[in-house]
Amino acid sequence: MGVSKETCRTELRTAIRHLTDRCLFAASKWAAEQLVGIEQDPAKYPPSHTRLQRDCSSIRRRFRSTDEITATPVAGTSYVSSPLPEEESEDVDSDFYLLAKMYFNCREYRRAAHVLSDQPGKKALFLRCYALYLAGEKRKEEETIELEGPLGKSDAVNSELVSIERDLAAVRKNSSIDPFGLYLYGLVLKAKGNENLARTVLVESVNTYPWNWSAWLELQSLCTTIDTLNGLKLNNHWMKDFFLASTYHELRMHNESLAKYDYLQATFGCSNYIKAQIAKAQYSLREFELVEAIFEELLRIDPYRIDDMDMYSNVLYAKECFSGLSYLAHQVFMTDKYRPESCCIIGNYYSLKGLHEKSVMYFRRALKLDKKYLSAWTLMGHEYVEMKNTPAAVDAYRRAVDINPCDYRAWYGLGQAYEMMGMPYYALHYFKKSVFLQPGDSRLWIAMAHCYETDQLRMLEEAIKCYRRAANCNDREAIALHKLAKLHSELGQSQEAAFYYKKDLERMEDEEREGPNMVEALMFLAKYCRAQKRFEEAEVYCTRLLDYNGPEKETAKSLLQDIKLAQSSFP
Amino acid sequence: MAGIVKPQSGFVITPHKVSICILLQVYAPSGQLSVPFPFASISQHNRLGLFLIALTKSCDDILEPTLDEFLKLLKEFGGLLDNWLSDHVTTRLSSLSSPDDLFTFFSELRGILAGPETSIIDDDQINLDPNSNLGMYLRRCLLAFNILSFEGMCHLMTNIKTYCKEASSPYEMSHLDDASNDPEAPLEYENMDLENIVLQNFTQELESRKRSAGRVPFHNHSSKALFSLVEDITVSPGQKVKHNHRSQTQTHSPSVESSDVVLQRTNWQIQGYLSEQADMIEKLGSSFPMSAFESVLKVLQKVAPELHRVHFLRYLNSLYHDDYPAALENLHRYFDYSAGMEGSDFVPPLSFVNNGRYEIALLSLGMAHFHFGHPEVALKVLTEAVRVCQMHSDDTCLAYTLTAICNLLSEVGISNITGIMGASDSHVSTSLSVQQQLFVLLRRSLKRADSLKLKRLVASNQLAMAKFDLKHVQRPLLSFGPKASVQLRTCPANVCKNLRLSSQLIHQFDNESSIVTVDGALSTSWLKNQEKPTTTLVFPQESGSERNCDTFYSWLQSSSVPGSVLQLVGSSYLVRATSWELFGSAFLARSNALLFATCFADSSSSADLALAYGKLIQHVAVYKGYQEAFVALRIAEAKFLSVSKSGILTVKLQLLHERALHRGHLKLAQQTCDELGVLASSVAGVDIELKTEASLRRARTLLAANQFSQAASVAHSLFCKCYKFNMHVENATVLLFLAEIHKRSGNGVLGIPYALASLSFCESFNLDLLRAAATLTLAELWLLLGPRHAKRALNLIHSAFPIILGQGGLELQSRAHIAEAKCYLSDSSISVSEDPDIVLDSLRQACEGLEALEYHEMAAEAYYLMAIVLDKSGQMEQREKAAACFKQHITALKNPIKPKDPLVNLL
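Residue numbers (UniProt numbering), protein chains in the order written: chain D, 1 to 571; chain Z, 1 to 907.
There could be a bad hint or two in this list.
Just the calculated beta-carbon pair ranges, DEER-fashion [stated by the list, open to error]:
#1 291(Z) / 196(D): 18 to 26 Å
#2 403(D) / 94(Z): 50 to 58 Å
#3 154(Z) / 172(D): 29 to 37 Å
#4 607(Z) / 403(D): 47 to 55 Å
#5 298(Z) / 358(D): 37 to 45 Å
#6 364(D) / 50(Z): 49 to 57 Å
#7 298(Z) / 321(D): 40 to 48 Å
#8 298(Z) / 196(D): 15 to 23 Å
#9 353(D) / 607(Z): 56 to 64 Å
#10 154(Z) / 353(D): 45 to 53 Å
Read the hints as simulated data drawn from the structure, not as lab findings. Glycine is no exception: its CB is placed at the ideal position from the N, C-alpha and C atoms.
Isolated chain D (complex conformation) (with noise of 0.2 Å):
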């Protein structure tokens, strides 16, 4: 680790201070998270300084054990140490300052702004610009309200952008901006549109005073490619690694993402924050087993979360988990029932029971609270998929993608909704654009190929080439190649598939698996091989077949007469 422990806890103790003092509480709040997630030394501290660290590394323990490859930390990085900022020099905040802050802290933002409107120095200039800008947005939410026509949401906007924009571009000009303005002046220029001047100026705020996470979140979502990330020109520092972790995850560029996490986790060993992004990262490399894991230890450090568990409901919501997700449920509903995340747990818990239409109400609710809210529309689309209602699972479905063009699952529902309208090839479209954007998961594979194979289109040759994509990306289920087995022989390619029905059956083996599979496929075998004169193989085949009752029994045993019969002709 290229830094101690030590220093990034001073740095970040200043930096709650820094903080809060210019009313940025999210940035606080993670900094401070950050803070108590640099593990103690137990033998220094009391236990009463541990508590919220105790079990830090029970993960740790239990999943290391079985592979051993820890992640090697990034050789020879060497940190730019920002040096911390100075106060202003008015060591004692001016008594209007004082005011603002508590006009600010109340929630009465103009006042706050108004307070400050003569004030000098950067710090009041910051919270002035800032007050207004929060004012700006809190009136632009009550407009989209009042403004509500009958053909949606009318476009609010928030009306001190302009002027906000104005004034911090004066000021950094003269270049006697500080980082937080430049934070600000991002924000506002992000808000108008102008991403390229808004990224140039957020990476300015961060290299200056990089423990704001704020600027950093807002940096990410306006790294929306790769070569965006990496043409920005950024300072080592080690916030820069939870930052480069956070948009991997985003890029979904997961095993890059863990990598970063891991590494990170030397230094903030008991770090809540750092144990969901994991959690989160593999979930999308579907472990669910881990995830489950990671968020019952998340749970019991940290009872009151309510962030990131709808993920882990989702995760018991797989594995039909009924009391565990009736008991988070629960929980959150007493924490704070009108957060989203708590009305999507519920809508999730509902839906595990069966009921459709409570859940959807659920999840209508949730997106009530934030319109934006992705995976709300796509599991609403899940429920309406359910109820048959196929056009407002459309209409979900539709509203996620459009929220997010890369939400490879939203797309590949719409697929489904509309091959269960019997239209199959009006879904391939869409399941086109999920295998584009997730091209690693077989079931969407699998589903194009069944979109091919249906009845009304037959397209067998393409169903074979998507059948064999799903077979080379690690199909857990094993379709896929008993599929292209049984087209391949359908389509009188009896080579290719008894190639396919060989594989398939060594997988069985492997997994220890039975059933009509299994008989299709030795039975398939037997009478290739025999019609390519492989007795001995036939032979094989035909004795396991025996093992299993039915008409296929009879049908080796004469089978089995034949070779014999063939065998003695042809010795």
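Given the structure of chain D, go ahead and fit chain Z onto it with the hints provided.
Below, chain Z alone, put in the same frame as chain D:
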């Protein structure tokens, strides 16, 4: 459900309405005498009344004028009073500074309405009858104001301030000074921003259009020469631009303007606006300004995210500009949101409320693929649409889908569709040929449309049927069993019947015009007319006020027949023209095309219009020569925004090719012919007619260059292709051409069978004019075999003469005359020296026609013959003249590049 648009909110009070109310107050102040204060006379007073009525009529308009525009209107109308009135409106508006002022204003307004109890109306007093137009309007405004919440009132205040400010200081950043304590200023800024963007885009679009009009949009620079060839009266690029520009603003006026999107509009208005724009896009095709409209749509979508029709418009826009990915994306998005429930013409039956009508999505997708030239995919999609329609028993959509499939099959060459149609046509055995399947399908969809009473669809099916009958012989559908004796001929009577039936449609809509729903689009016409300079063109000297009175009422006269019906009826006339062309009545064909161009030009799509103009121009070329044809072409070109994308380009190339062939510019002919071929899509079966034509022209060029075997091989492969796609009418032409090749190569014996085959094709398809041409060729072939056959040839020629002289073009007539003369000359029983006039007359006529066509080769031949005859009959002087002409044409043919030819400059 979220996907369905909520019911329209109706009447929203806006600053514009407030200013109308102010004027209303001026018009009818409570308790005043007959001529209230500012008016000098009763007529002046009445004029304000008229103006107000017109304004209230257009209150459902999508575009409400800004204060500036409004004041301008007022000024135009107001005469002496204008300053007083506009001052009054502005001061009154700016005096509304607090919500309470609004309250007072509206309660004052209430005072000018006559109460219901005042039964005896004092003659001298002006009171607004609550049930009059203006009274109703006022009451609506009052009601709308009364139901406003306090927030709504605040927004109204804000909007009024913005409205006034925009008028006083447009595009000035005055708000920057006090932006922080003036909440509405940035709002204004936003609005202005938007307008600027739209305006900018629009001008950019215009500019780029100008640029592209200036430079000929073509593949290689040498083709520039082709176009300068056309310019006998040279039109400089600059002038051309002006032409285009003017024609755009005058005739089409693709009405994407900056003020089109004003924020507070009712659902109703925007829907009307959108459907109007959709018609516009479909009509203008690719010449519709794409990016300007796209930005308008983007704004609309931002303002009204639940208005899904915007996506459809975006789809249409990208479809007609050949942006495949965008079109597909928007199509899918639109149907995902709307579930096919909005925006369709037909009213969905109640039972479909929950299911969605995604079959419409499939239908649209199929049509889109058809448009992009992917017939295979289109057929797949449409087949799926048929299946889904049947599943949901959506008969209406099924009828439409079947019609779409018919169109696809008849327009695209598909040689084998077994298996694709299997799903939809279980009872039609797949052993039938494509044509027979198409026939069955056509009958089925016609019947279906008829039983569903979808009049437009019936008409368009009848049209399709007529087209089918025109080009196909009916064969028995039974493959075994007793067959009724069927005449293997097309049936012109059927074609005529179907065409007549299809144009009956207009009467049906004429009678029930009241039923046709009037949507928001109609109410936009008033302001449109205000902008349209048409009235000024008609009555240029009239005074302003009278003109305005005209425009006030012109919205009333807007046609009651919906545009789509007009379009259909129009295309029935086009099919008529085509059918007469084939049946051999050039003049009926011309009059039908003329009828279309004059009556349906406004309502039809630009592609159809281009086709009609093309027919007319071709007609001029064939009967009057190229000089006049090019003049006509130039007139037609001026009507189209971009020539390169319209059908006019094809006509131009055709003309150039013909003329090049006649003049003997073979290189040029080859070039134009290649250009023509490039216009067709590369997908097999798509643009089949264009491809056929291009290869026929190539063969003709080769023939002109005396490359007989190559020409024959091209013609042969063309014949195979036509045969494969069942294009028998084209086959007749190709066969005749093959006979022509043998004739030119001097191989009469080989040519005769081809000519006879062509004749029999012509007979069974009733192609009378072509038949006459074939007869002529046959005669020429006989003549080639020696003077023994001159008699027979002469008989043949005489039998064909009525049609040739009555309907044939200049070239055909001249050829016939020359052939006749040759017959006489070679007939030993007729002595030319005794009676030279029987030969000379026809030769003279031939010479005249060929001069007009600049057909040097044949003209030389005619003069040669004439000189011989004159020589024999001893008219020496005349003979010298003829010989001189002969020489002139021969030199022109041998040195095809004349010094005055613009091509020289480039070489």
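Going through the hints against the structure:
Taken as a hint, the range 18 to 26 Å holds for the pair residue 291(Z) and residue 196(D), whose Cβ atoms sit roughly 22 Å apart. As the Cβ distance of residue 403(D) to residue 94(Z) is approximately 43 Å, the hint placing it in 50 to 58 Å is violated. Roughly 34 Å separates the CB atoms of residue 154(Z) and residue 172(D), a value that falls within the hinted 29 to 37 Å. Range check, residue 607(Z) to residue 403(D): about 39 Å between beta-carbon atoms, so the 47 to 55 Å window is missed.
Remark: the range hint 37 to 45 Å for residue 298(Z) to residue 358(D) is upheld by a beta-carbon distance near 38 Å. For residue 364(D) paired with residue 50(Z), a C-beta distance near 52 Å keeps the hint of 49 to 57 Å intact. The hinted window of 40 to 48 Å between residue 298(Z) and residue 321(D) holds, with their beta carbons roughly 46 Å apart. Taken as a hint, the range 15 to 23 Å holds for the pair residue 298(Z) and residue 196(D), whose Cβ atoms sit roughly 20 Å apart.
Remark: the range hint 56 to 64 Å for residue 353(D) to residue 607(Z) is upheld by a beta-carbon distance near 58 Å. The hinted range of 45 to 53 Å is satisfied by residue 154(Z) and residue 353(D), whose Cβ atoms lie roughly 46 Å apart.
Consistency with the previously given hints fails for numbers 2, 4, ordered from lowest to highest.
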